[in-house]
Amino acid sequence: EVLLLESGGGLVQPGGSLRLSCVASGFTFTDYAMNWVRQAPGKGLEWVSSISGSGDRIQFADSLQGHFAISRDNSKNTLYLEINSLTADDTAIYYCAKRLWLGGLLGPFDLWGQGTLVTVSS
Amino acid sequence: QSALTQPASVSGSPGQSITIPCTGTSNDIGGYDYVAWYQQHPGKVPKLLIYDVRVRPSGISDRFSGSKSGNTASLTISGLQPDDEADYYCYSYRTGDTILFGGGSKLTVL
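Chains A and B supply the protein sequences, listed in that same order. Heads up: the first sequence runs through residues -6 to 115, numbered per the working numbering. Heads up: the second sequence runs through residues 47 to 156, numbered per the working numbering.
These are calculated hints, taken from the structure and not from any lab test. There may be inaccurate statements among the hints.
What the hints assert, rightly or not - When the alpha-carbon atoms are kept at most 20 Å apart in a straight line, the in silico SDA-like pairs for lysine to any residue are as follows:
(1) A:Lys36 - B:Lys93
(2) B:Lys93 - B:Gly76
(3) B:Lys93 - A:Val5
(4) A:Lys36 - B:Asn73
(5) B:Lys90 - A:Trp94
(6) A:Lys36 - B:Lys114
(7) B:Lys93 - B:Thr141
(8) B:Lys90 - A:Leu104
(9) B:Lys152 - A:Leu(-4)
(10) B:Lys90 - A:Gln32
(11) B:Lys93 - A:His60
(12) A:Lys36 - B:Gly89
(13) B:Lys152 - B:Gly116
(14) B:Lys152 - B:Thr65
(15) B:Lys93 - A:Leu4
(16) B:Lys152 - A:Trp94
(17) B:Lys152 - A:Gln32
(18) B:Lys152 - A:Leu95
(19) B:Lys93 - A:Leu99
(20) B:Lys114 - B:Asn73
(21) B:Lys152 - B:Asn73
Note that this is a predicted model, so its numbers are computed, not measured.
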């Protein structure tokens, strides 16, 4: 079964940091670019970042440059997102998502994890 | 970057057809055929309905169709069913290797 499972969310104080993880199964992880998309409570979807299958190409949403770091460990079939200097605006469900097509970097997402909730509050 | 523009809400009766527009610019929807649509039921994960403007993934009903004219993409749902009640998001590639989502449209089946 193809599956993405996120973890690492929780309650964090403003200014803190967090590392989210997404473990993939059921497909050849290295063949696909992976992505992070977030959704604030009651709000719409917001693309955060993408990373190529080998990890050599990365893109971030312009508004989030320097605030996030994306990486992957293909030996562990795991995608990561590190978030620094957290503010209340970062409160959201963070989804990892798989690119539809082999290779490349950007593209529609055909498989989504269940998401992990990050709440930034003192 | 600004989100793509969608109506906040749309509605229709069972059996009817509705169309959800998504307006962007020549740097995104108008410049590329990399438009997708997602359906999200409350508390659920988004589901890919359409990609490359009009292509349906395997398993997606042909009641869902996509199109594009100029800077505006559209999702049409025909033969509305109660289970179609959900939020719908458009998606587009934008010049400069970025991805944009629309603000989302809540579909109510009356």
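Going through the earlier hints one by one, which of them does the structure break, listed in rising order? Hint check: 2, 3, 4, 5, 6, 7, 9, 11, 13, 15, 16, 18, 21 fail, others pass.
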